[in-house]
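2 protein chains.
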Amino acid sequence: MSAPLTRIHHVGVVVRNLEQAYGFWRDCLGLPVHKVATVEDQGVRAALLTVGDSEIELLEPLAPTSGIGKFLAKRGEGLHHLCYATADVAGALAAARAKNVRLIDEQPRPGLAGMICFLHPASAHGVLIEYAQPFPEDAHR
Amino acid sequence: MSAPLTRIHHVGVVVRNLEQAYGFWRDCLGLPVHKVATVEDQGVRAALLTVGDSEIELLEPLAPTSGIGKFLAKRGEGLHHLCYATADVAGALAAARAKNVRLIDEQPRPGLAGMICFLHPASAHGVLIEYAQPFPEDAHR
Numbered sequence: 001m002s003a004p005l006t007r008i009h010h011v012g013v014v015v016r017n018l019e020q021a022y023g024f025w026r027d028c029l030g031l032p033v034h035k036v037a038t039v040e041d042q043g044v045r046a047a048l049l050t051v052g053d054s055e056i057e058l059l060e061p062l063a064p065t066s067g068i069g070k071f072l073a074k075r076g077e078g079l080h081h082l083c084y085a086t087a088d089v090a091g092a093l094a095a096a097r098a099k100n101v102r103l104i105d106e107q108p109r110p111g112l113a114g115m116i117c118f119l120h121p122a123s124a125h126g127v128l129i130e131y132a133q134p135f136p137e138d139a140h141r
Numbered sequence: 001m002s003a004p005l006t007r008i009h010h011v012g013v014v015v016r017n018l019e020q021a022y023g024f025w026r027d028c029l030g031l032p033v034h035k036v037a038t039v040e041d042q043g044v045r046a047a048l049l050t051v052g053d054s055e056i057e058l059l060e061p062l063a064p065t066s067g068i069g070k071f072l073a074k075r076g077e078g079l080h081h082l083c084y085a086t087a088d089v090a091g092a093l094a095a096a097r098a099k100n101v102r103l104i105d106e107q108p109r110p111g112l113a114g115m116i117c118f119l120h121p122a123s124a125h126g127v128l129i130e131y132a133q134p135f136p137e138d139a140h141r
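Chains as they are written, first to last, in the numbering used here: chain X, 1 to 141; chain P, 1 to 141.
To be clear, the hints were calculated from the coordinates, so they are not data collected in a lab.
Just so you know, even glycine gets a beta-carbon here, dropped at the ideal spot from N, CA and C.
Errors might be hidden in some of the hints.
[Claimed, not checked] List time: in silico EDC-like cross-link candidates among lysine to aspartate or glutamate, alpha-carbon distance up to 16 Å:
#, chain 1, residue 1, chain 2, residue 2
1, P, Lys35, P, Asp53
2, P, Lys99, X, Asp27
3, P, Lys35, P, Glu106
4, X, Lys74, X, Asp88
5, X, Lys99, P, Asp53
6, X, Lys70, X, Asp53
[What the hints assert, rightly or not] Some, not all, of what chain P presents toward chain X, calculated at C-beta under 10 Å:
#, residue
7, Leu5
8, Gln42
9, Arg45
10, Glu77
11, Ala124
12, Asp138
[What the hints assert, rightly or not] Residues from chain P shown here face chain X by an in silico Cβ test under 8 Å; the list is partial:
#, residue
13, Ile8
14, Val13
15, Pro64
16, Thr65
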């Protein structure tokens, strides 16, 4: 593959409330919160916690009608998606397309983790997969 | 915390059939399979794929009555658990107990990833969490 996946960038976890979730993810597991951001167009408030050179991305829905809100209502809190880092998200996406992987995003778009795209879980054995090419200022992540 | 979690050791994914799953996880994502093992007492056949200094652990149930078999019947293929590496699994487990985290294993036990233990998802916002202290011969993992 022309654009290898170099590491697990983050694991996305849906939670009901970020502040409650810190009681476990930060205070029990000891993982530091290094960023909190609201992503209005995705209807989430997200907290990024560091572990090694990966992150845990806690996702709290802003509204029950958002994608994350619907996930929470249907499945409850829990594992949501798995994101791989790559130095060439467009190339990785093209490679997936060439292998007939069903895509959610036809083109990379800006996201919290950099330039990102999602593959469809129907092609990934039930797992929602994200590819991320970190922005240069976050290239250490 | 006396025993920090140093990285994501692996992400566990339940699949119906390992060989079918390779078509996506190995051939589309380009992740090499470095080990395949049958764990009779857990009723699974597992394949470990490398990405950076983490792994994807594909889990195929040996029987529908195993824990993984029941998960597959109830929830289908998908994300199953999240494992953190630590240099001191007994210390990490003791720290979780001291914070009143509900445990599945009261003591570390040998597993595929080394000496391991599981925390209960009821204390972890719906996520099944594993701690692993790799065996010395696998310490690069």
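Do the hints match the structure? See the list:
Proximity of Lys35(P) to Asp53(P) is assessed by CA-CA distance (about 15 Å); at most 16 Å being required, the pair is judged to hold. For the proposed pair Lys99(P) and Asp27(X), the alpha carbon gap of about 9 Å is at most 16 Å, so the pair holds. A C-alpha spacing of about 28 Å is found between Lys35(P) and Glu106(P), which places the hinted pair above 16 Å, so the restraint is violated. Restraint check for Lys74(X) and Asp88(X): not satisfied, since their Cα atoms lie roughly 34 Å apart, outside the 16 Å limit.
For the hint linking Lys99(X) to Asp53(P), the alpha-carbon distance of about 26 Å lies beyond 16 Å, and the restraint is violated. Among the hinted pairs, Lys70(X) with Asp53(X) is inconsistent with the structure: their alpha-carbon atoms are about 30 Å apart, more than 16 Å. Of the supplied interface hints, the one on Leu5(P) holds, with its beta-carbon coming within about 6 Å of a beta-carbon of chain X, less than 10 Å. At about 19 Å, the closest approach between the beta carbon of Gln42(P) and any beta carbon in chain X exceeds 10 Å, and the interface hint on this residue is violated.
The closest approach between the C-beta of Arg45(P) and any C-beta of chain X is roughly 15 Å, which is over the 10 Å cut-off, so the hint fails. The interface hint given for Glu77(P) is met, as the beta carbon of that residue sits about 4 Å from the closest beta carbon of chain X, less than 10 Å. Interface restraint check: Ala124(P) against chain X, minimum CB-CB distance 6 Å, threshold 10 Å, status holds. A cut of 10 Å between beta carbons decides the hint on Asp138(P): the least distance to chain X is about 16 Å, and the hint is violated.
Hint on Ile8(P) holds. Least Cβ distance to chain X is approximately 5 Å, under the 8 Å limit. At its closest, the beta carbon of Val13(P) sits 6 Å from a beta carbon of chain X; the interface hint therefore holds under the 8 Å criterion. A cut of 8 Å between beta carbons decides the hint on Pro64(P): the least distance to chain X is about 17 Å, and the hint is violated. Annotation: interface hint on Thr65(P) violated; nearest CB of chain X at approximately 21 Å, more than 8 Å.
In terms of the numbered hints stated before, the structure departs from hints 3, 4, 5, 6, 8, 9, 12, 15, 16, listed from lowest to highest.
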